[in-house]
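**Q** Working from the sequences, and respecting the hints, build out all of it.
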Amino acid sequence: MDFFDTFLNLAVLQRSLPMLLQGLWLTLQLGAASIVAGLIVGLIVAMLRMYAVAPVRIAMRMYIDVLRSIPLLVLLIVIYYALPFLGLRLSSFASALAALTLVSGAYTAEIFRAGIEAIPKGQFEAASALGLSPQRTMTDVVLPQAVRIVIPPLTNNSINVVKDTALASVVAMPDLLKQATQMQALTANPSPLIGAAILYIAFLWPLVLLVSYLERRFNSGRRV
Amino acid sequence: MSGTISIRNLRKYYGAYEALRGIDLEIERGEVVCVIGPSGSGKSTLIRCINRLEDFEAESEIRVDGTPVIPGRSLAKVRAEVGMVFQGFNLFPHLSVRENVMLAPRRVRGTTRAEAAVQADRLLARVGITEQADKYPEHLSGGQQQRVAIARALAMEPQVLLFDEPTSALDPEMVGEVLDVMKSLAGTGVTMIVVTHEMGFARQVADRVIFMDAGEIIETGSPEQVLGQPQEARTRNFLSAVLNH
Ligand SMILES: Nc1ncnc2c1ncn2[C@@H]1O[C@H](COP(=O)(O)OP(=O)(O)O)[C@@H](O)[C@H]1O
Ligand SMILES: [Mg+2]
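Heads up: the protein sequence lines correspond to chains D and W, in order.
Letter by letter, the first sequence follows residues 1 to 224 in full-length UniProt numbering.
Letter by letter, the second sequence follows residues 1 to 245 in full-length UniProt numbering.
Worth double-checking, as some hints may not be accurate.
Cut-off 27 Å, straight-line C-alpha distance, at most; resulting in silico cross-link-like pairs (DSSO-like, lysine-lysine) [to be verified]:
| # | chain 1 | residue 1 | chain 2 | residue 2 |
| --- | --- | --- | --- | --- |
| 1 | W | Lys-135 | D | Lys-121 |
| 2 | D | Lys-121 | W | Lys-77 |
| 3 | W | Lys-183 | W | Lys-135 |
Non-contacting residues of chain D with respect to chain W, defined by C-beta distances greater than 10 Å in every case (computed) [claimed, not checked]:
| # | residue |
| --- | --- |
| 4 | Ala-37 |
| 5 | Arg-113 |
| 6 | Ala-127 |
| 7 | Ile-151 |
| 8 | Thr-181 |
| 9 | Ile-194 |
Derived DEER-like restraints, expressed as beta-carbon distance ranges [said to hold, decoys possible]:
| # | chain 1 | residue 1 | chain 2 | residue 2 | range |
| --- | --- | --- | --- | --- | --- |
| 10 | D | Ser-212 | W | His-197 | 43 to 49 Å |
| 11 | W | Val-118 | D | Ile-201 | 53 to 59 Å |
| 12 | D | Val-66 | W | Val-118 | 51 to 57 Å |
| 13 | W | Ala-169 | D | Ser-212 | 34 to 40 Å |
| 14 | D | Arg-57 | W | Ile-70 | 23 to 29 Å |
| 15 | D | Ile-201 | W | Arg-113 | 45 to 51 Å |
| 16 | D | Gln-22 | W | Val-118 | 56 to 62 Å |
| 17 | D | Val-56 | W | Arg-109 | 29 to 35 Å |
| 18 | D | Met-62 | W | Asp-55 | 25 to 31 Å |
| 19 | D | Gln-135 | W | Asp-134 | 23 to 29 Å |
Rather than coming from a laboratory, the hints here were simulated on the basis of the structure.
The beta carbon of each residue, even a glycine, is placed where N, CA and C say it ideally should be.
**A** Written out as structure tokens, the structure reads:
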């Protein structure tokens, strides 16, 4: 058995490349959409979790805890296969987007909360004493400072979201992994899988390096 | 233009602990009142109730210029009119010195950026910080930061200024520059309530000195009376402890 013929067969890779790139494009679309939606959900949930009336606060806390407990794959399968029994039939892309957003939103909410709670009480007091409204205090004083704290963990979470998009292949979404497994079946050769792995790494390694860089930079305690 | 403060039966609990035990106090427009007393006597709590950074009991009443300090629309009015200077400065670290001063006029009053900048530079000149307007707070000394904090409070053109131990966090050599700015404000018509351990400042600038202990006003009067001839044993003990230390 020749290693290269089996795992890095150039002819197979070349034949698979168009499909792999199609899959990559879908993976990136799903990842980007889930990251953005997760940020919006997370910020709203964090605000409600901290400042809403008690019943809403409790509901948000349950949302956060439940979605951090449920395996993403289970959530995805429930959305895709179980919701149709309630008359809600989502496409594989929409199901994956919903699952990734719900989970990412829960993690993001906790990241935002930690960032906001790291802002000293005196900042809130100074803003209130000047007559700034609670909303203004958030947007003009607290969040600009919290952003510096939350960017490294948010980037980290984004990496996880992109990695987790691979689960969408389970509900037949033709993402990078799904395309690779299909080409593997078609060509009876695992090279497309290796090609997919290399593409994931090529996209995510720079982000991993970025997180390390941001953590070093933000932890050095300097103003940005 | 006004700046009267009326406090009736002010009670404040932290949990079961009664930090203020029924304070009554009337302060006139333009008056400079220094509040002294041992640590934990309720001085900070008292002035933090005036702009409602602390909630207080419903039976208590505080009015600033006749406006009750209760949550809601009137509180925004009170806070826009009452400035506060904190022991720890609490400048906004992500904003330049000038932007620190500009923020409230722009966001609360809707002043234009250009107008707010002109006003900020005027106020920074007044507290002697012209050179540092484009720097960030972390690059300023403690004394400079506290003077910026005073300029920031002045930007809302307050009728009342509350100071909570404004020089306690400063290195000794910087106390004077902050006290000088505060002296220059006394007598300009703004009402000042100053929690301080600077007895020299109180003697020189205060119209009235209030001695607090255990959540109550124990003694009140002119600086000569309270600092010179204290009537209460607790005041005498406190003063001798402070002055002999
Ligand atoms: N946030 C708080 N929670 C509980 N107790 C407090 C709080 N703030 C102040 N206290 C207590 O209330 C009393 C008065 O505090 P404070 O007004 O800060 O005194 P002072 O400014 O005169 O030193 C103290 O006994 C203090 O421990
Ligand atoms: Mg105090």
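**Q** None of the hints should be skipped; say for each whether it holds.
**A** Comparing the hints with the structure gives:
Simply put, W/Lys-135 and D/Lys-121 have alpha-carbon atoms about 23 Å apart, close enough for the 27 Å limit, and the pair holds. The suggested pairing of D/Lys-121 with W/Lys-77 holds, with an alpha-carbon distance near 22 Å, which does not exceed 27 Å. Restraint check: the Cα-Cα separation between W/Lys-183 and W/Lys-135 comes to about 26 Å, which is no more than 27 Å; the hinted pair holds. Listed as a non-interface residue, D/Ala-37 keeps its Cβ farther than 10 Å from every Cβ of chain W; the least gap is roughly 27 Å.
The beta carbon of D/Arg-113 is kept farther than 10 Å from every beta carbon of chain W, the shortest such distance being approximately 19 Å. A Cβ of chain W approaches the Cβ of D/Ala-127 within 10 Å, the least distance being about 8 Å, so the stated non-interface status is violated. At roughly 14 Å from the closest C-beta of chain W, the C-beta of D/Ile-151 stays outside 10 Å, upholding its exclusion from the interface. Chain W leaves D/Thr-181 outside its interface by the beta-carbon criterion, the shortest separation being 48 Å against a cut-off of 10 Å.
The Cβ of D/Ile-194 lies farther than 10 Å from every Cβ of chain W, with a closest approach of about 46 Å, so its non-interface assignment holds. At roughly 48 Å, the beta-carbon separation of D/Ser-212 and W/His-197 lies within the given 43 to 49 Å, and the hint holds. Distance hint for W/Val-118 and D/Ile-201: a CB-CB separation of about 55 Å, consistent with the stated range 53 to 59 Å. Restraint check, D/Val-66 to W/Val-118: a C-beta distance of roughly 54 Å satisfies the suggested window 51 to 57 Å.
Between W/Ala-169 and D/Ser-212 the Cβ separation comes to about 36 Å, which falls inside the hinted range of 34 to 40 Å. Distance hint check: the CB atoms of D/Arg-57 and W/Ile-70 are about 24 Å apart, consistent with the given range 23 to 29 Å. Between D/Ile-201 and W/Arg-113, the C-beta spacing of about 47 Å keeps the proposed range 45 to 51 Å intact. In this structure the supplied range 56 to 62 Å holds for D/Gln-22 paired with W/Val-118, their Cβ-Cβ distance being about 58 Å.
The given range of 29 to 35 Å is respected by D/Val-56 and W/Arg-109, whose C-beta atoms sit roughly 32 Å from each other. A beta carbon spacing of about 28 Å between D/Met-62 and W/Asp-55 agrees with the range 25 to 31 Å that was offered as a hint. A hinted range of 23 to 29 Å for the beta carbons of D/Gln-135 and W/Asp-134 is consistent with their spacing of about 28 Å.
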